[in-house]
Amino acid sequence: MARTAHHIPGSRRWPANETAPGGPWRSLVLRDLRYSAACLSEATHGGSRPRPRAIRRSVAVYRWPRFNRDADVARWSAQQERGARMRLRTQAGLLLRLVNTPDGVLTLSAAETVDVPPARHRHGSLWFA
Numbered sequence: 086m087a088r089t090a091h092h093i094p095g096s097r098r099w100p101a102n103e104t105a106p107g108g109p110w111r112s113l114v115l116r117d118l119r120y121s122a123a124c125l126s127e128a129t130h131g132g133s134r135p136r137p138r139a140i141r142r143s144v145a146v147y148r149w150p151r152f153n154r155d156a157d158v159a160r161w162s163a164q165q166e167r168g169a170r171m172r173l174r175t176q177a178g179l180l181l182r183l184v185n186t187p188d189g190v191l192t193l194s195a196a197e198t199v200d201v202p203p204a205r206h207r208h209g210s211l212w213f214a
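Residues 86 to 214 in my numbering are what the sequence shown lists, from first letter to last.
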């Protein structure tokens, strides 16, 4: 009898280089050397070299948005850009209401009270994905 999917034991269901559903797509362990503030101050007072402390960090990647041309990145980008345009419109409208007076005289001192942040670069979330 041929082996079909329901006859394969669980230990052999996934190849060694693939992960099971729900598990991390990739995982990474990074080792680094860091100096603590206490170590640096102790070394300066003691007249010796500071000794770094070994740090071990691990990262598990469960989702990769750019894999297989996923549309999530485009949706996130559109939402962020929409919000950025709305914030810019609100701040510019507030500035125009303060500067433009009914009698036609521009109040430039009122313009200094409004803080308009610079507009974000278009499609910024696409670059940071």
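No wet-lab data here; the hints were simulated from the structure.
For glycine and all other residues, C-beta sits at the position ideal for the given N, C-alpha and C.
There's no promise every hint is true.
[Stated by the list, open to error] Label pairs and their calculated CB-CB ranges:
1. L113 / P135: 42 to 48 Å
2. R142 / G168: 28 to 34 Å
3. R148 / G189: 53 to 59 Å
4. D200 / H130: 17 to 23 Å
5. P187 / R167: 29 to 35 Å
6. R119 / L173: 37 to 43 Å
Now the hints, each set against the structure:
1. Between L113 and P135, the C-beta spacing of about 27 Å breaks the proposed range 42 to 48 Å.
2. Distance hint for R142 and G168: a CB-CB separation of about 32 Å, consistent with the stated range 28 to 34 Å.
3. Checked against the hint of 53 to 59 Å, the C-beta distance between R148 and G189 comes to roughly 56 Å, which is consistent with it.
4. At roughly 44 Å, the beta-carbon separation of D200 and H130 lies outside the given 17 to 23 Å, and the hint is violated.
5. In this structure, P187 and R167 meet the distance hint of 29 to 35 Å, their C-beta atoms being roughly 33 Å apart.
6. In this structure, R119 and L173 meet the distance hint of 37 to 43 Å, their C-beta atoms being roughly 40 Å apart.
Comparing the model with each earlier hint shows violations of hints 1 and 4; every other hint is respected.
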